[in-house]
Amino acid sequence: MRKLSVSVLKLTSCSGCLNEVLYSLVARAELLRYLNISYFTELQDSNAIEDVDVAIVEGSIVNSEQEELVKQVREKSRVLIALGTCAVFGGVQSLRAGEDLRTVVLASYPNPDHIKVLPEVKSVDSVVNVDYRFSGCPANGEALARFLVKLVMGGSESPIVESLCSECKRKGILCVTVFDGKPCLGPITLSGCGALCPSFRRGCYGCYGLNALIVDREKLEEFSKVVERLGMSREDFMAMLKAFSYSSLTKSSSSR
Amino acid sequence: MSRMLGEYFEGSVLLLENLILALKEQGLRVLSYKLEGDLPVIGEVSRLSDLLIDYTDIQSPGSYRLAKEVKGVFRHTQYSPKHLLHYPTQVIYEISDDFEIIRTKDDFPPSVLFGIKPCDLAAIEVLDKVLERDDVYQARRARIEYIVVEECVEPGGTCFCGSIGTGPAVAKGYDIAYARLGDQVLFKVGSEKGLKLVEKVGLTPASDETLRRYNEALNEARRKASRIPPFNVVVRALEDVAVAEGFWREASARCVGCTNCNMVCPTCFCTEFSDYADLSGKAWRERHWFGCLSFTYGQVAGQHFRPELFMRYRHFVLHKFLFYQRQVGLPGCVGCGRCITWCPMGIDLREVVSRAVGYVGR
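Quick note, the sequences are listed as chains D and G, same order.
First residue of the first sequence: 33, per the working numbering; consecutive thereafter.
First residue of the second sequence: 73, per the working numbering; consecutive thereafter.
No wet-lab data here; the hints were simulated from the structure.
Note that the structure is a prediction, hence the values are computed from the model and not measured.
Don't take every hint at face value.
[Claimed, not checked] From the derived model, a few chain D residues whose C-beta atoms are all more than 10 Å from chain G:
no., residue
1, Ser-37
2, Tyr-55
3, Leu-63
4, Arg-106
5, Arg-110
6, Leu-133
7, Pro-144
8, His-146
9, Gly-204
10, Arg-249
11, Glu-250
12, Glu-254
13, Ala-271
[What the hints assert, rightly or not] Taking lysine-lysine pairs in the BS3-like style, the calculated list, with each CA pair at most 30 Å apart, reads:
no., chain 1, residue 1, chain 2, residue 2
14, G, Lys-143, G, Lys-201
15, G, Lys-268, D, Lys-35
16, G, Lys-201, D, Lys-182
17, D, Lys-203, D, Lys-274
18, D, Lys-203, D, Lys-148
19, D, Lys-203, G, Lys-96
20, G, Lys-143, D, Lys-214
21, D, Lys-35, D, Lys-103
22, G, Lys-265, G, Lys-96
23, D, Lys-203, G, Lys-140
24, G, Lys-201, G, Lys-268
25, G, Lys-354, G, Lys-177
26, G, Lys-140, G, Lys-96
27, G, Lys-201, G, Lys-177
28, D, Lys-257, D, Lys-148
29, G, Lys-272, D, Lys-214
30, G, Lys-201, G, Lys-244
31, G, Lys-143, G, Lys-296
32, G, Lys-96, G, Lys-244
33, G, Lys-265, G, Lys-354
34, D, Lys-203, G, Lys-177
35, D, Lys-203, D, Lys-103
36, G, Lys-143, G, Lys-354
37, D, Lys-203, G, Lys-268
38, D, Lys-257, D, Lys-274
39, D, Lys-35, D, Lys-148
40, D, Lys-182, G, Lys-354
Think of the CB as a built atom: it goes at the ideal place given N, C-alpha and C, for glycine as much as any other residue.
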């Protein structure tokens, strides 16, 4: 096994996923010994982005500087990982997409001149090629650490694309929709969180993003009728989709 | 008077308690449908009141409710014996740093399946064959010392065992079967072991009147549970539509590929492996249930056998009705209706296969 050089890049996000990375690395001293952290503003002082084996990119792209940065990082990394729902799908800041930019900025900042944002919110893979995706709000740091162990050992991983329901059922959680009549986005959401919300008998709100390889617009429409019947307003449903699955909604997906 | 196999006995519903206690006395773990908090699950029970005898499950496409009701009629829940015998997730072996494969020790204690339904028994029969060479399953299966089946006098809202021929009564593969006729219970003995147990519990031979009521109830239940055309008719129809793309696109139009049907199906056995390692040199392989409606199912290096959902939905249905027959000589669908009840979209398999009968391709 040889040491892997790693850079961790943060774009627009709440930084929650960076904390997940930190927690999972700190809990694994043995893994840290095999990682040479080249760039990670939360862990060291370097501001130089160098050639690395692995780049972990967290957050979404909201201005041209970030877009350039991501392209640079792509060129300088062997493996690029998009971490978190912001990087994979755009994230909660996508909620502003389609709104008047000035109104949005003025709502938060008294002096908006310093804010450089584009009207659109972009996921990392809409700008560069991404090798691995770990969505989630926040992403599952354990899953990332398990993956890094494999990379250190010279291995890899093929992603398993399935809905949250698969994971939920395997955990033996009684279905909150069928048994309790609660609206739950599990059926159209990617797995990976360990069915956290249903294990507390709450419906999933889709923070791991849309299972877009299956769920196209027609299916989404059919699904929206089901959650609406169970008491979720169409407005709320659309807001959750926009917040956690934005980039997959803007792509025109073919019938799967 | 000597008692014989195939004889019918009767007794009060309270004798079920004696039966459970007699099994526990033998040091066996008794597993049945039961309540955990307010959730209907499958797990260990110690007395009759642990069972869901005062509850009725109200099932319809996409909905399941439990109603407390004296002398309720309980069918089943999201869980089935599959959850006990073919674990959802388990580490099957570890690999040490000198590449020795260490099988995971299975500490499944000697157990009894109690009050499972005829469809559940039919599903076990399928799993027994499909997983014939799966030593993890077989080791656990060998530790099932008794199977006590509750026959269904009243089918649930999504059941169709009558059409498949897997219920509402059982003919073989059980030790004791019983049917609740109000406060009375009719018992059927299916094995020598079962016969010995019946003798311990103090049952009396069934009266003609009880037998008549039993036959009447079961015939009525069979009629009610015949909600799709007969199995052979469905099989022929599905053979006819096997390559009718339009049929499968239509049938799966509302399906979102969530795999709930796969997970709750008592005969769905597919698994996927995940390998893990730590840097100390230890590695382990985990096996977990994997549904054929998932995108990754059918994906192989560089290609995908069934890239579109309608292809995977078609595979699910045809596997149940046609391919299991060729694999193990039994229908893969046992008519329990779980895939209908636990489908969040409320897609009704009965409608889909019924529509295949008489389908004219467009």
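Hints and how they fare:
{"no.": "1", "hint": "Ser-37", "in the structure": "holds, 17 Å"}
{"no.": "2", "hint": "Tyr-55", "in the structure": "holds, 17 Å"}
{"no.": "3", "hint": "Leu-63", "in the structure": "violated, 6 Å"}
{"no.": "4", "hint": "Arg-106", "in the structure": "holds, 24 Å"}
{"no.": "5", "hint": "Arg-110", "in the structure": "holds, 20 Å"}
{"no.": "6", "hint": "Leu-133", "in the structure": "holds, 34 Å"}
{"no.": "7", "hint": "Pro-144", "in the structure": "holds, 41 Å"}
{"no.": "8", "hint": "His-146", "in the structure": "holds, 43 Å"}
{"no.": "9", "hint": "Gly-204", "in the structure": "violated, 7 Å"}
{"no.": "10", "hint": "Arg-249", "in the structure": "holds, 12 Å"}
{"no.": "11", "hint": "Glu-250", "in the structure": "violated, 7 Å"}
{"no.": "12", "hint": "Glu-254", "in the structure": "violated, 5 Å"}
{"no.": "13", "hint": "Ala-271", "in the structure": "holds, 20 Å"}
{"no.": "14", "hint": "G/Lys-143 x G/Lys-201", "in the structure": "violated, 36 Å"}
{"no.": "15", "hint": "G/Lys-268 x D/Lys-35", "in the structure": "violated, 67 Å"}
{"no.": "16", "hint": "G/Lys-201 x D/Lys-182", "in the structure": "violated, 36 Å"}
{"no.": "17", "hint": "D/Lys-203 x D/Lys-274", "in the structure": "holds, 28 Å"}
{"no.": "18", "hint": "D/Lys-203 x D/Lys-148", "in the structure": "violated, 45 Å"}
{"no.": "19", "hint": "D/Lys-203 x G/Lys-96", "in the structure": "holds, 28 Å"}
{"no.": "20", "hint": "G/Lys-143 x D/Lys-214", "in the structure": "holds, 29 Å"}
{"no.": "21", "hint": "D/Lys-35 x D/Lys-103", "in the structure": "holds, 24 Å"}
{"no.": "22", "hint": "G/Lys-265 x G/Lys-96", "in the structure": "holds, 15 Å"}
{"no.": "23", "hint": "D/Lys-203 x G/Lys-140", "in the structure": "holds, 27 Å"}
{"no.": "24", "hint": "G/Lys-201 x G/Lys-268", "in the structure": "holds, 28 Å"}
{"no.": "25", "hint": "G/Lys-354 x G/Lys-177", "in the structure": "holds, 17 Å"}
{"no.": "26", "hint": "G/Lys-140 x G/Lys-96", "in the structure": "holds, 27 Å"}
{"no.": "27", "hint": "G/Lys-201 x G/Lys-177", "in the structure": "holds, 23 Å"}
{"no.": "28", "hint": "D/Lys-257 x D/Lys-148", "in the structure": "violated, 39 Å"}
{"no.": "29", "hint": "G/Lys-272 x D/Lys-214", "in the structure": "violated, 47 Å"}
{"no.": "30", "hint": "G/Lys-201 x G/Lys-244", "in the structure": "holds, 15 Å"}
{"no.": "31", "hint": "G/Lys-143 x G/Lys-296", "in the structure": "holds, 20 Å"}
{"no.": "32", "hint": "G/Lys-96 x G/Lys-244", "in the structure": "holds, 24 Å"}
{"no.": "33", "hint": "G/Lys-265 x G/Lys-354", "in the structure": "violated, 45 Å"}
{"no.": "34", "hint": "D/Lys-203 x G/Lys-177", "in the structure": "holds, 21 Å"}
{"no.": "35", "hint": "D/Lys-203 x D/Lys-103", "in the structure": "violated, 40 Å"}
{"no.": "36", "hint": "G/Lys-143 x G/Lys-354", "in the structure": "violated, 54 Å"}
{"no.": "37", "hint": "D/Lys-203 x G/Lys-268", "in the structure": "violated, 38 Å"}
{"no.": "38", "hint": "D/Lys-257 x D/Lys-274", "in the structure": "holds, 17 Å"}
{"no.": "39", "hint": "D/Lys-35 x D/Lys-148", "in the structure": "violated, 38 Å"}
{"no.": "40", "hint": "D/Lys-182 x G/Lys-354", "in the structure": "holds, 12 Å"}
The structure fails to meet hints 3, 9, 11, 12, 14, 15, 16, 18, 28, 29, 33, 35, 36, 37 and 39 from the earlier list, while all remaining hints are met.
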